[in-house]
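So in full-length UniProt numbering, spot 155 of the sequence shown is number 155, and the numbers just go up one at a time.
It is worth saying that the hints were derived from the structure and are not from the lab. Wrong hints could be hidden among the right ones.
[As the list claims (entries may be wrong)] With a straight-line Cα cutoff of 20 Å, these simulated EDC-like cross-link-like pairs (lysine to aspartate or glutamate) come out:
1) Lys68 <-> Asp129
2) Lys249 <-> Asp220
3) Lys58 <-> Glu143
4) Lys152 <-> Asp129
Given the structure is predicted, the values throughout are model-derived calculations rather than measurements.
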Amino acid sequence: MKKQQIDTEEIVKQVLSNVTESFEELKQNFDWQLGIDEAGRGPVIGPMLYAACYWPTKYHQLISETCKFADSKQINEATRDKLFDVLTQLKGKVLTFETRELTAEYLSKNQLAHLIINLNDISHNTAADLIQNAIIKGYKITEIYVDTVGPKQTYRNFLQGKLQELGKVANIVVEEKADSKYANVSAASICAKVTRDYKITQIQQEILPNDSIGSGYPGDPKTKKYLENTNIRFFVFPKYIRFSWQTIKTIINDRDLNIDYKDEQEASKQVQNLTNFFLSKNQTKIYNYKSVTFSNCIL
1 MKKQQIDTEE IVKQVLSNVT ESFEELKQNF DWQLGIDEAG RGPVIGPMLY
51 AACYWPTKYH QLISETCKFA DSKQINEATR DKLFDVLTQL KGKVLTFETR
101 ELTAEYLSKN QLAHLIINLN DISHNTAADL IQNAIIKGYK ITEIYVDTVG
151 PKQTYRNFLQ GKLQELGKVA NIVVEEKADS KYANVSAASI CAKVTRDYKI
201 TQIQQEILPN DSIGSGYPGD PKTKKYLENT NIRFFVFPKY IRFSWQTIKT
251 IINDRDLNID YKDEQEASKQ VQNLTNFFLS KNQTKIYNYK SVTFSNCIL
């Protein structure tokens with residue numbers, strides 16, 4: 001990972017000394033460009049964070065060359081924290097940013113629902129919401145840069161359609177690795193990553209205060225140890241775990257947890273897919289509650 005020498009106060013001073021307008025003047029009278037990125041798409045623990053960072057096109061060169069934002073995955077934690085501090089100090093003066101937290105509960109609920117919303121659609125909808133919210137707040141967004149999720153043209157057309165719903169038009173660029181190509185996407189990636197890391201720290205303190213849950217990624221040995229060795233009452237794991245991830249399906253199957261929903265028409269519609277992934281070969285203990293049967297459930 002890259003390590004940068006960053007003087008936070010000097011960077012902020014250098015940027016602001018070259019800005020002649022108030023923030024309200026910038027918002028009302030100038031075109032703005034917006035970048036979007038996410039952090040935590042792959043982990044099995046914790047939320048996915050989306051962020052949008054935007055600033056006036058007039059000051060794009062000043063901000064990008066002075067701050068030297070970079071893809072959050074390519075810089076170390078200390079550098080990310082300092083650059084996030086820069087963003088925080090500049091917020092409301094020459095730029096702004098906004099985050100969206102998509103909790104593990106929210107992701108699993110949508111991916112396991114009868115009418116499934118897949119992760120790509122969730123991502124597209126969240127990006128569109130961030131763009132629309134910036135416009136509703138009064139920013140003249142004329143350029144949008146987004147790290148692609150799925151086919152680029154499909155994503156671009158979707159975002160363009162959402163703009164048209166507001167009667168707006170903007171130049172939309174959707175590209176692979178946009179977080180390493182466009183400064184405002186890099187800045188958004190830093191906002192998303194730092195915010196997610198903070199959320200993971202909070203989760204860590206709540207569910208395993210005397211040990212480590214790791215980064216939350218399935219390949220992290222500490223995360224793997226926590227998931228495989230921790231028995232939690234009912235449904236095996238707490239709300240911070242993404243039940244729709246294959247990692248969890250495998251662990252649940254290995255623990256012989258089976259859930260069957262009986263007779264209720266609406267319930268069967270909602271959990272048809274859920275029933276399949278909770279299938280168990282062996283059933284020993286049976287617990288009945290109304291129309292729901294739990295087999296080998298940790299109670």
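Against the structure, the hints come out as follows:
no., hint, in the structure
1, Lys68 <-> Asp129, "27 Å, violated"
2, Lys249 <-> Asp220, "18 Å, holds"
3, Lys58 <-> Glu143, "12 Å, holds"
4, Lys152 <-> Asp129, "18 Å, holds"
Violated hint for the displayed structure: number 1, the only one.
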